[in-house]
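Chemist: Read off the chains here:
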Amino acid sequence: MADYSIYVLEYARTRNYPKAALVYGAFEEARVTMPYSYVLLRGRGHVALVDVGYSDKDHGRHLAEKYGIENWRPPRTVLSECGVAPEDVDTVFITHAHFDHFGNVEDFPNATFYIQREEIERWSWVLSLPDRMRWMTASLDPASVLHAAELSAAGRLRLVDGGWEDVIPGVDLHLARDSHTYGSMWVSVRNDGAQVSQDVWVLAGDLVVQFDNIERDGSLIDVETMYNPGAQTVGSYTNIIIAMAAMMKLVGHDSRRIIPVHEARLGERFPSRISREDLRISEICLADGAVSAVRS
Amino acid sequence: MPDASAARLDLHRDDVIARYLAAAGPVYGALTRLVGQVSLLLLLSADRRLGHASTAAAQTLAKETEAALAALPVPAVAGRHHWMLSQAMARLSDVLKRLRRGRTDAAASARLIRLVRSAHELLRLAARAEAGLSLVDLRQACCSCVG
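Those sequence lines, one after another, are chains A and B.
So the first sequence is numbered by this note's numbering: it starts at 1 and just counts up by one.
So the second sequence is numbered by this note's numbering: it starts at 1 and just counts up by one.
One thing to keep in mind: the hints can contain errors.
As a list, the in silico EDC-like pairs of lysine to aspartate or glutamate whose alpha-carbon atoms are at most 20 Å apart [to be verified]:
(1) A/Lys249 x A/Asp172
(2) B/Lys63 x A/Asp131
(3) A/Lys19 x A/Glu268
(4) A/Lys249 x A/Asp199
(5) A/Lys57 x B/Glu121
Just so you know, the hints here were simulated from the structure itself, not pulled from any lab data.
Assemble the whole structure, with the sequences as input and the hints as a guide.
Modeler: Here it is, written out as C-alpha cells:
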C-alpha cells in the first residue's frame, strides 16, 4: 500500500560542475553534470512540492549565466509531464531559502508554503552583516523573500518551529539547525500511513545533494561507506552528518530511500524517462492505483 | 523626476559616469540587501511583534546606506539613476520606521509590502544595462550559490 506517488523533476542543469563542491574533499575528482530539481508528491487528496526551483528572471537569470546553468524550464512545463498544473499544487515545503529552491513562488497561486522560522530569522541577521561577509548571502534572492512576505500577508506562508508531524497526512517536517543553511528542513513521507512506518522516503533538500554524501567510500576511515557532506554550507558539517544519521535511522538504514535532488544518477536507481524538453523525470514510487508518468 | 534622456547617453564612455557607477555600486548592493532584510522583517512581523534587536540591524544598514547615497557625487547625467536609488531608499526607510512602531494589521502590512515591492521595482529599473549595474552583485558570489 502506498499513499503518495513521488517524482523528482529536473528543471535545469549545469555541466562541468566541480565534484568537490558537492562532496567535500573530492578535490581530484572529475567535474560532473548537476541537475536542478524539485519533488512532486501526489496522493491523499494533495498535490505537494518540495521546493519550487528558481525564477529565470533578474537574479535567477544572472546566476544561470554566471554558473552556466542551462535548459531551464518553468514549473508549468515541468509539471505537465506528470499531468499537473501549478494551480493544482496545494502545499509547498521549502527546504531552505537558496534561490534555486525558493524562486518560483508566484507561480503557485493556490499553495500554502512551509518554511522553518529559523531559516527566515537568521537570514534577516545575515543580510545586515558588513560587505566582506556577503559570501553568506550570495545565494539569496531578495525577490524571493519579497514574494514570501507577500505570501505571508495573504495567509499562505506558515513558519515552522522545528518538527511537525502529519502536516499533510503521512508527511513530516524536520529541522536541521545550522547545517546546509541556518534552518534547513527535510521532509519524510510515511507512505504506508502508519505511525511506525515500514515505507519511509526522505526528501533531503540540500542536506544530501548526491548519493555520495551518504554512500561515500569510507577507506579513509577504514569503513565500507561513510557520510560525507557537501562542501557548500554556511553551517556546521557536524550538524549535516547528524541530520544524515537521523534520516538513515528513519529509513532503516536503506540509503536508497534518501532522495537527493542534485543527483544525475537517479535514473540508475528509479524508473525514469527524459522529457521532450530534455529533462529527467524520476519516479521514486507510485501510489496505489496511480498511473506511471514514466512507463508507457 | 529627472529627464529620462539622461539615461540614454553612453555612460561607459564617460569617465565621470564611470566614477559615479563605481561609487554607486556598493550603495546599490546595500539597497538590494535592504529589500531582502525589510521583506524578512515584514514576514516575521505578521505573526509576532518585532523586538528592537530585530529591526536594529536593518536600521543600521538603512542609516549607513542613506548616508552613502547622500555622499555620492552625482553628475547631471546620472541624476535619473540617483533619483531611483533615492526613491527606493526613502520607501524602505519608511517601511522600517513603521515596523519599529510595532505590530501591523493586515491592511497596513499589505501597504508596506507594496512599498517594498515598488522599491524593488525601482532597483530593477536602475539595474538596466545602460546604467552599468546589475540587480545582484556577483563579484562576491561563490559556488554556494547553487546550493
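Chemist: Are A/Lys19 and A/Glu268 close enough, with their CA atoms no more than 20 Å apart?
Modeler: Holds: A/Lys19 and A/Glu268 sit about 19 Å apart, inside 20 Å.
Chemist: Run the distance test for B/Lys63 versus A/Asp131: straight-line Cα separation, threshold 20 Å.
Modeler: Holds, at about 15 Å.
Chemist: For A/Lys249 and A/Asp199, compute the direct alpha-carbon distance and say whether it is at most 20 Å.
Modeler: Holds - the C-alpha atoms of A/Asp199 and A/Lys249 are around 13 Å apart, at most 20 Å.
Chemist: Taking only the CA atoms, is the gap from A/Lys57 to B/Glu121 under or equal to 20 Å?
Modeler: holds (13 Å)
Chemist: Run the distance test for A/Lys249 versus A/Asp172: straight-line Cα separation, threshold 20 Å.
Modeler: holds (15 Å)
In terms of the numbered hints stated before, the structure departs from none.
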